[in-house]
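For chain W, the structure is supplied; the task is to place chains L, Z and C on it using the hints.
Here the protein sequences line up with chains W, L, Z and C, keeping their order.
The first sequence begins at 1 in the numbering used here and counts up by one.
The second sequence begins at 1001 in the numbering used here and counts up by one.
The third sequence begins at 2001 in the numbering used here and counts up by one.
The fourth sequence begins at 3001 in the numbering used here and counts up by one.
What the hints contain is simulated information worked out from the structure, not anything from laboratory work.
Since we're looking at a predicted model, the values are computed, not measured.
Wrong hints could be hidden among the right ones.
Stated by the list, open to error - Here are some, though not all, of the chain L residues that point toward chain C, as calculated from beta-carbon distances under 7 Å:
1) F1028
2) P1112
3) L1115
4) R1119
5) L1122
6) E1123
7) Y1126
8) A1179
9) G1183
As the list claims (entries may be wrong) - Computed footprint of chain W on chain L, listed as stretches where at least three residues anywhere in the stretch have a Cβ under 8 Å from a Cβ of chain W:
10) 1083 to 1095
11) 1142 to 1155
12) 1217 to 1223
Unchecked claim - Computed, partial: chain C to chain L, Cβ under 8 Å:
13) T3108
14) P3112
15) L3115
16) A3116
17) R3119
18) L3122
19) E3123
20) Y3126
21) L3212
22) G3215
Cβ coordinates follow ideal geometry from the N, Cα and C atoms, glycine included.
Protein chains: 4
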Amino acid sequence: MTAPAYGRAFALWRAAAPDWDAYTCHDFVEALGRGDLPRANFLHYLRQDYVFLIHFARAWALAAAKADTLAEMQAASATVHALVHHEMPLHVQICAREGIDAAALEATAEAPANLAYTRYVLEAGYSGDFLDLMAALAPCVLGYGEIGARLAGAGGPYAEWIETYGGDEYQGLCREVGALIDGALAHRLGPDWAGLPRADGLARRFATATRLEVGFWQMGLDGA
Amino acid sequence: MTAPAYGRAFALWRAAAPDWDAYTCHDFVEALGRGDLPRANFLHYLRQDYVFLIHFARAWALAAAKADTLAEMQAASATVHALVHHEMPLHVQICAREGIDAAALEATAEAPANLAYTRYVLEAGYSGDFLDLMAALAPCVLGYGEIGARLAGAGGPYAEWIETYGGDEYQGLCREVGALIDGALAHRLGPDWAGLPRADGLARRFATATRLEVGFWQMGLDGA
Amino acid sequence: MTAPAYGRAFALWRAAAPDWDAYTCHDFVEALGRGDLPRANFLHYLRQDYVFLIHFARAWALAAAKADTLAEMQAASATVHALVHHEMPLHVQICAREGIDAAALEATAEAPANLAYTRYVLEAGYSGDFLDLMAALAPCVLGYGEIGARLAGAGGPYAEWIETYGGDEYQGLCREVGALIDGALAHRLGPDWAGLPRADGLARRFATATRLEVGFWQMGLDGA
Amino acid sequence: MTAPAYGRAFALWRAAAPDWDAYTCHDFVEALGRGDLPRANFLHYLRQDYVFLIHFARAWALAAAKADTLAEMQAASATVHALVHHEMPLHVQICAREGIDAAALEATAEAPANLAYTRYVLEAGYSGDFLDLMAALAPCVLGYGEIGARLAGAGGPYAEWIETYGGDEYQGLCREVGALIDGALAHRLGPDWAGLPRADGLARRFATATRLEVGFWQMGLDGA
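Bound conformation, chain W alone:
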């Protein structure tokens, strides 16, 4: 698939991540699209995804703390706000509808593949700066966008999930996050950042995070 137009950094990092297709076209994803993913695997994924969202929100909060401009701070804090006041309550509702109550959700034991990705992102953010955090977060935010865009209209039992990420709202968010990243790079490293050693380091961050996303889907497929 051609890369969605989520900006320049995304295009470069995506092209340099050996596992990008293994992530975005993982068997779990294909089975979601075809609609033949066993329900038990989807529910296992949903529960882990709830724990994931907690740490994902923490990472965006850290981004707000590490922002360099008011615009960066506003973008990051708007994301945190959306996550903890809207998406996470929504996730609780969806799980409830599937028979997983809030207590069961809270009691979810975090799978190693989940720990690996979220802690990698947070540690990248703590040890590095705003750019490291963005490079580590990007495969999740933008990869889900690419998956959603590719599967959009597939229908089937997972149509709601697919349309969440393939729909206009999420696609618009992906373009905004892509622009936030491109802006943050230019603000710190100038227009020719792509040729700097720093750019290689960030591409490696993106590639490692992508590799850990493969593990996340695999966990969804293995567990139940």
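Relative to the frame of chain W, chains L, Z and C by itself:
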């Protein structure tokens, strides 16, 4: 003055901070109340306060990243959201009305007393945990509440400032933050936290932050 | 096996970690002791362990930054110093003897199980305080001590590895680290820390880190 | 004075820091050189400097945690080791000789100017990356080198202090730290880093830290 009812930790920490009165009854504060604070000093304070708010918002974002429960995360992220999407734009408006445009505001050189307080808070948060961050933030949040409550109704040229902090909305926020702190302490240290060495360490954090708040008012009084 | 005498916290945390035996008696460990671990697996482990040591040293450096007393700072910094100036160069030598040169070692791609454990430890340290870091580091430091003590004298092709961890020097280090942890707990939480909610949180950290150590051995067994 | 040859970044940052002369030629420094600094001020400075060294060592430990290469990690950890195992014990001895015992030293209340500088450095390190930390630490390490080089041979009651920083060992350390910084910049940003926006940000860090160093000397001169 008797302590406002902002909770148990506040009452203990306040009583143990040698500079609490020097902070909450500082000459700058008294002059605000009497209405004879020179305008130049107030404007100097307003400009520094804008820079302060940036780092204050960053500290609350860090609190969201370091929260242990969804409720803590929601409380911290709601504060960040209010700061960067409402209070800071409002601050820009107020300054504009006083003849300080956005460019001048952005160009404000951070005074050493300002650097000292904000970096103390952020470093406490990074090096310690959520509780350290709360203890370092509390003198600002709750001290302004106590000052506002004491000066409420004073009128004069600074009535707007006084009523912002003395009004019901801010007083309610102070009770919420006090409850957030008490809850965070009990959640981690149990009901008898007050007798633990950790409580002394937190009281020292609060006392040091209070001492740096004295310096902030003094900066307002000295500068212009 | 009865717990080695590495202190009070270790005894409590070890007893509360469901995967402690799965970690310390993992097939990889048993094969090391019997001497029938395939050489390829051992070399795979050695290469990953080199990358591990880098992040392990970083975590101890973070502990020095987060220490509360000069004694804590000295203990943590002595560990960092030993790691980066002695153990890591030694590791390079051992690998060289096995035909893995420095360039190959540096080029080692970090396995997901390795990423998971090291980033979990570092993130625990950044998001929490000195105690969180100690609880996350303890399964590695003290678990290797317990394994070494149990296998000591087994001989065979992996005798050098076994004696490194079973020998007096490393066993002494384990007692020192155990005492450092017990001291740090008492210093912050008083003598009755074991009954506080904070103690449960730390025991969970230890248990999660232990679970990730199981994954590390499994990676050694699977990979080659 | 011409800049000592501590490398390229130092030369650029120094030239761009408006307060560099106010720092390195502060009245406190001049009085040290002439030998007419009142003893009480020197002792006040020594006590604060002890507290300073604790946080300075913590900052170098954080640098080891945030290092990107083994060489950076070794350089940072060697500095921590020297500080906590040699310089701080030496400082205790010197103070003891001056009649300030260890208990008095430990009981030193941290002056606001001290808090301001050390927390600024640590927060720069936590919020930013290795380069931010280096830029914030450089005015202290290299400024003392420049002062020592300028005053070397002045004799008088403070000759020991002067020769510590003006002597070959410390001057060698300054060249090493300068090379560490230049290397870290080139490693991340390539040979043309000086023209990047990032370089301006780092120069501002250096300039702010320099401004806070002026406050540190002033504290030495005011207090007693």
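Hint by hint, here is what the structure shows:
1. Annotation: interface hint on F1028/L violated; nearest CB of chain C at approximately 16 Å, more than 7 Å.
2. Hint status for P1112/L: holds, given a least beta-carbon distance of 5 Å to chain C, under 7 Å.
3. About 5 Å separates the beta-carbon of L1115/L from the nearest beta-carbon of chain C, less than 7 Å, and the hint is met.
4. Because the beta carbon of R1119/L sits about 4 Å from the nearest beta carbon in chain C, less than 7 Å, this interface hint is met.
5. Taking 7 Å as the C-beta contact cut-off toward chain C, the hint placing L1122/L at the interface holds, the least distance being around 5 Å.
6. With a least beta-carbon distance of about 4 Å to chain C, the hint placing E1123/L at the interface is held under the 7 Å criterion.
7. Here the hint on Y1126/L is kept, as its CB sits about 4 Å from the closest CB of chain C, short of 7 Å.
8. The criterion of a C-beta within 7 Å of any C-beta in chain C is not met by A1179/L, whose closest approach is roughly 28 Å, and the hint is violated.
9. Evaluation of the G1183/L hint against chain C yields a violated restraint, the C-beta minimum of about 26 Å exceeding 7 Å.
10. Interface restraint, the region 1083 to 1095 of chain L with chain W: holds (3 residues with C-beta to C-beta distance below 8 Å; minimum three).
11. For a cut-off of 8 Å, the count of residues in the region 1142 to 1155 of chain L with a CB near a CB of chain W stands at 0, and the three-residue condition is violated.
12. Under the rule that three or more residues need a Cβ within less than 8 Å of chain W, the assignment of the region 1217 to 1223 of chain L is violated, with 0 such residues.
13. Hint status for T3108/C relative to chain L: violated, with the closest Cβ pair at about 13 Å, above 8 Å.
14. Of the supplied interface hints, the one on P3112/C holds, with its beta-carbon coming within about 5 Å of a beta-carbon of chain L, less than 8 Å.
15. Evaluation of the L3115/C hint against chain L yields a held restraint, the C-beta minimum of about 5 Å falling below 8 Å.
16. This hint holds: A3116/C has a C-beta 4 Å from the nearest C-beta of chain L, less than the 8 Å allowed.
17. At about 4 Å, the closest approach between the beta carbon of R3119/C and any beta carbon in chain L falls short of 8 Å, and the interface hint on this residue holds.
18. Checking L3122/C against chain L: minimum C-beta separation of about 5 Å stays under 8 Å; hint holds.
19. Of the supplied interface hints, the one on E3123/C holds, with its beta-carbon coming within about 4 Å of a beta-carbon of chain L, less than 8 Å.
20. The beta carbon of Y3126/C is positioned within 8 Å of a beta carbon in chain L (closest approach about 4 Å), and the interface hint is therefore held.
21. With 8 Å as the threshold, the beta carbon of L3212/C comes within range of chain L, its nearest partner Cβ sitting at about 6 Å, so the hint holds.
22. At its closest, the beta carbon of G3215/C sits 5 Å from a beta carbon of chain L; the interface hint therefore holds under the 8 Å criterion.
This entry does not satisfy hints 1, 8, 9, 11, 12, 13, going by the numbered hints stated previously.
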